[in-house]
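S.K.: Each chain, written out:
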Amino acid sequence: MKVRVKFAKYGALRFIGHLDVMRFFQKALRRAQIDVAFTSGFSPHQIMSFAAPLGLGLESTGEYMDLELQSHQGSEDFLKRLRAACVPGLDILSVKALPDNAGNAMASVAAADYLAEFRDGRSFTGYEEALRAFYAQETILVTKQTKKNMLEVDLKPGIYALEIQDGAVFMQVDASSSGNIKPSVVMEQFLSFAGIAVEEFGLQITRLETYLDAGEDGNRVLLPLDGIGEDF
Amino acid sequence: MKDTRNRDRTTCHLALSDEILLKIEKPARYIGNEWNAVVKDRKEVDVRFAMCFPDVYEVGMSHLGMQILYDMLNRWDDTWCERVFSPWVDLDRIMREKQIPLFALESQDPVQQFDFLGITIQYEMCYTNILQVLDLSRIPLLAKDRTWEHPIVIGGGPCVYNPEPIAPFFDLFYIGEGETRYRELLDLYLECRKTHTDRETFLYRAAQIPGMYVPCFYDVSYQEDGTIASFAPNREGVPARVQKELVREMDSAPYPMKPIVPFTRAIQDRVVLEIQRGCIRGCRFCQAGQLYRPVREKNVEILKQHALEMLQNTGFEEISLSSLSSSDYSQLEELVDFLMDTCQERKVNISLPSLRIDAFSLDVMSKVQDVKKSSLTFAPEAGSQRLRDVINKGLTEEAILQGASMAFEGGWTRVKLYFMLGLPTETEQDIEGIAALSNKIAAAYFEVVPREKRTNGSVQIVASTSFFIPKPFTPFQWARMCTKEEFLEKAKLTKHAILNQLNKKRIKYNWHEADVSVMEGVFARGDRKVADVILRAYQKGCLYDAWGEYYQNDVWLETFAECGVDIDFYTTRERNLDEIFPWDFLDCGVSKEFLKREWQKALGETVSPNCRSQCQGCGAARFGCGVCLETREEKA
Numbered sequence: 002m003k004v005r006v007k008f009a010k011y012g013a014l015r016f017i018g019h020l021d022v023m024r025f026f027q028k029a030l031r032r033a034q035i036d037v038a039f040t041s042g043f044s045p046h047q048i049m050s051f052a053a054p055l056g057l058g059l060e061s062t063g064e065y066m067d068l069e070l071q072s073h074q075g076s077e078d079f080l081k082r083l084r085a086a087c088v089p090g091l092d093i094l095s096v097k098a099l100p101d102n103a104g105n106a107m108a109s110v111a112a113a114d115y116l117a118e119f120r121d122g123r124s125f126t127g128y129e130e131a132l133r134a135f136y137a138q139e140t141i142l143v144t145k146q147t148k149k150n151m152l153e154v155d156l157k158p159g160i161y162a163l164e165i166q167d168g169a170v171f172m173q174v175d176a177s178s179s180g181n182i183k184p185s186v187v188m189e190q191f192l193s194f195a196g197i198a199v200e201e202f203g204l205q206i207t208r209l210e211t212y213l214d215a216g217e218d219g220n221r222v223l224l225p226l227d228g229i230g231e232d233f
Numbered sequence: 254m255k256d257t258r259n260r261d262r263t264t265c266h267l268a269l270s271d272e273i274l275l276k277i278e279k280p281a282r283y284i285g286n287e288w289n290a291v292v293k294d295r296k297e298v299d300v301r302f303a304m305c306f307p308d309v310y311e312v313g314m315s316h317l318g319m320q321i322l323y324d325m326l327n328r329w330d331d332t333w334c335e336r337v338f339s340p341w342v343d344l345d346r347i348m349r350e351k352q353i354p355l356f357a358l359e360s361q362d363p364v365q366q367f368d369f370l371g372i373t374i375q376y377e378m379c380y381t382n383i384l385q386v387l388d389l390s391r392i393p394l395l396a397k398d399r400t401w402e403h404p405i406v407i408g409g410g411p412c413v414y415n416p417e418p419i420a421p422f423f424d425l426f427y428i429g430e431g432e433t434r435y436r437e438l439l440d441l442y443l444e445c446r447k448t449h450t451d452r453e454t455f456l457y458r459a460a461q462i463p464g465m466y467v468p469c470f471y472d473v474s475y476q477e478d479g480t481i482a483s484f485a486p487n488r489e490g491v492p493a494r495v496q497k498e499l500v501r502e503m504d505s506a507p508y509p510m511k512p513i514v515p516f517t518r519a520i521q522d523r524v525v526l527e528i529q530r531g532c533i534r535g536c537r538f539c540q541a542g543q544l545y546r547p548v549r550e551k552n553v554e555i556l557k558q559h560a561l562e563m564l565q566n567t568g569f570e571e572i573s574l575s576s577l578s579s580s581d582y583s584q585l586e587e588l589v590d591f592l593m594d595t596c597q598e599r600k601v602n603i604s605l606p607s608l609r610i611d612a613f614s615l616d617v618m619s620k621v622q623d624v625k626k627s628s629l630t631f632a633p634e635a636g637s638q639r640l641r642d643v644i645n646k647g648l649t650e651e652a653i654l655q656g657a658s659m660a661f662e663g664g665w666t667r668v669k670l671y672f673m674l675g676l677p678t679e680t681e682q683d684i685e686g687i688a689a690l691s692n693k694i695a696a697a698y699f700e701v702v703p704r705e706k707r708t709n710g711s712v713q714i715v716a717s718t719s720f721f722i723p724k725p726f727t728p729f730q731w732a733r734m735c736t737k738e739e740f741l742e743k744a745k746l747t748k749h750a751i752l753n754q755l756n757k758k759r760i761k762y763n764w765h766e767a768d769v770s771v772m773e774g775v776f777a778r779g780d781r782k783v784a785d786v787i788l789r790a791y792q793k794g795c796l797y798d799a800w801g802e803y804y805q806n807d808v809w810l811e812t813f814a815e816c817g818v819d820i821d822f823y824t825t826r827e828r829n830l831d832e833i834f835p836w837d838f839l840d841c842g843v844s845k846e847f848l849k850r851e852w853q854k855a856l857g858e859t860v861s862p863n864c865r866s867q868c869q870g871c872g873a874a875r876f877g878c879g880v881c882l883e884t885r886e887e888k889a
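Chains as they are written, first to last, in our numbering: chain A, 2 to 233; chain B, 254 to 889.
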């Protein structure tokens, strides 16, 4: 059975890279004695995959990984075991059984919500107008360094929402493999647009949720990545 | 939605700012919080102990001894042991620039606030990193400048069997295995602090605990030729000789059932099961083989239980046996059979280092690894039988060829060979023997494996040589070490000899840098005079000398010259049998008489049987444990 685990990453664990998070869960699943299916061959590996890698330094309350289970004793038992095998800063939030036809976590990612805050305690309250003006632009062009040359990209179509919430900048952006938008890039553009001075690494960015697109014929219907799952 | 962010800001106290952590390489090295890391309440403990491995995190976290002591100290309710490692060069620079004090990983508190700073010293080339750790911790580099404001700085590990080149930097050295005397030392400390005893008196009383060497209570005087005239305590009540500590009963000794699991990949990324301590072989170049005598095995039933428990508690995907010579463990077959069963069931890999290549080990290896991807390792150490007799390496050409042939039949094609250059009495013929042996192994492949079966690529031999460095407490402690030029000439000879072989295309040859070997030779047999050079070289920027890319040979040579310390005195000088060595006041268990006998037997090309077949009277029997208590089947 395929399950989708939702977890949070915060605190000191912000500084653990994506590969190390995978290594952590490989060991945590063994400690939790969860019956994960393995690949065959000389060095069998647990069948697991992760949704969208989180950049170093970012926090998240919306990370996902998929696991193939050989057997289980229900989601309650699963959560209890895995939580007991994790360190604070990598918190297991929920687990859902996936329908057989569900795509894998990484390929399913369509969008994500982010929150950007000042690290030094300042607030974005008061910049509502500037943010509206920024978002109202027809295009938001950035140049991206590719392997061969510089490429101009328009961020605008990939920004689905942009507003100030409780003193922080909230955004919903494209997170699919083809059109992924980094929240730090959006913030860079906005800060320079609004003339706000921030030191390097002066923002704390949190991924709040990761979404899949359940819509058809180009109509975007975003659901949290485990929105298609069920308790078991 | 649950908001975890507020919790973060109250629980996450890191010594380094986000800005720094995001700028440096592998920030995971500095944040602690790993699975099984021990966190206690500062207010509930009496002793704060910082346990340091003076190298980068991934290296230090791979060291078993540190995990053993961390676990042991943290079993005591009144003690909190935390870890400290050398900040990597990128962070080192930032910490100096921004004046950030070095901190321990668990609490992220500055090391300076601790009661003890214990430094494990596993190789000579980490000496400048010791000074880095002291310096960044804001602890005076010289012990004589310290007060109760500073932690007690303790050195331990194999290098402290000649502590003299680093003696001025330490308050005390713990000689031998750490499991035995720490409680006594901590209790003495607590008593002294409670009664407001001065630091020197604490050290004086500590010097009376077995295994403790407090350098400031010993004076050394030199002859005109630079050798030691006398080495003696400078006050009443301090022992003239310090005997090593050792664990007599391995089965009841503490062993970490919950080792720390690093986030980032450490070099030793697996469960480590220590199956025995010591080695019966008595190779004459090997320091560990003498220091850890006598061999003490662990009970196989206990090991099985430990293996299961540690795998469960860590979630590691691999388990490795640890010992100097696993093949000599008497219950090896039973243990390996058990591990193969249990690991197959759990899909855990087994790694079996230091196994002699024979039918048994090949059978096991074929079951636990992918033959196509793995290689065989032989360590003949010397190219000729004559020289192998000199060094007492009981591995014959016949055994190597037989083992290799069996392996080739089993599908292996890759062979690694380890040799040393510059061993005592070495001749050109011995060096040519390295090439000849490599060639014979390649030839054995073509003989054993018919053409149509050579599907897994052809045979590949990798011969590597390191340069021989005489170490204290070995029969070769009297030996002359080669100069850099001699070493390089030997490497050149080896290379040419290999190029003259029929199967030269199947043999790859690697050799080590000679510069750093010379420096290691100085530190290994150095005296207190060398300490000035180490201090000055550190002040001139030497750091991470064990890492080739950071080793600055020119700075070292210049500093030796400035300090008026002659490198050749420590390396190439012939030593008399009656010379007083800087480490002679230590008693590592084997007697100087035994080492002398072995040195003379070496020069006479005579081998000595191993401990299990015939006792050689090394002196370790007085500990009354391990192999010394076994009944031998001595042949008449």
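Hint data in this document are derived by calculation from the structure and do not stem from the laboratory.
One thing to keep in mind: the hints can contain errors.
Stated by the list, open to error - With a cut-off of at most 35 Å between alpha-carbon atoms, the simulated DSBU-like pairs for lysine-lysine come out as follows: (1) B:Lys745 with A:Lys149; (2) B:Lys782 with B:Lys693; (3) B:Lys757 with A:Lys145; (4) B:Lys706 with A:Lys3; (5) B:Lys737 with A:Lys28; (6) A:Lys28 with B:Lys745; (7) B:Lys849 with A:Lys28; (8) B:Lys737 with B:Lys693; (9) B:Lys693 with B:Lys745; (10) B:Lys757 with A:Lys28; (11) B:Lys693 with B:Lys793; (12) A:Lys81 with B:Lys706; (13) B:Lys757 with B:Lys706; (14) A:Lys145 with B:Lys351; (15) B:Lys293 with A:Lys81; (16) A:Lys28 with B:Lys693; (17) A:Lys3 with B:Lys748; (18) A:Lys148 with B:Lys276; (19) A:Lys28 with A:Lys149.
To be verified - Each pair of labels, with its calculated beta carbon distance range: (20) A:Asp155 with B:Leu275: 22 to 32 Å; (21) B:Gln352 with A:Asp155: 58 to 68 Å; (22) A:Ile197 with B:His266: 24 to 34 Å; (23) B:Lys600 with A:Met151: 31 to 41 Å; (24) A:Leu57 with B:Asn829: 55 to 65 Å; (25) A:Gly228 with B:Lys600: 24 to 34 Å; (26) A:Thr147 with B:Asp330: 53 to 63 Å; (27) A:Met151 with B:Ser270: 31 to 41 Å; (28) A:Ala198 with B:Arg599: 37 to 47 Å; (29) B:Glu489 with A:Leu57: 31 to 41 Å; (30) A:Leu57 with B:Arg446: 48 to 58 Å; (31) B:Ser628 with A:Arg120: 24 to 34 Å.
What the hints assert, rightly or not - Over 10 Å on every C-beta distance to chain A, these chain B residues come out as not near it, computed from the model: (32) Leu274; (33) Leu275; (34) Pro280; (35) Pro354; (36) Tyr475; (37) Ala506; (38) Val514; (39) Phe516; (40) Asp623.
Every residue gets a Cβ at the ideal spot worked out from N, C-alpha and C, and that includes glycine.
S.K.: Looking back at the numbered hints, which does the structure fail to meet, lowest number first?
M.R.: Hint check: 1, 2, 3, 4, 5, 6, 7, 10, 11, 12, 16, 17, 19, 21, 23, 28, 29, 30, 31, 32, 33, 34, 38, 39, 40 fail, others pass.
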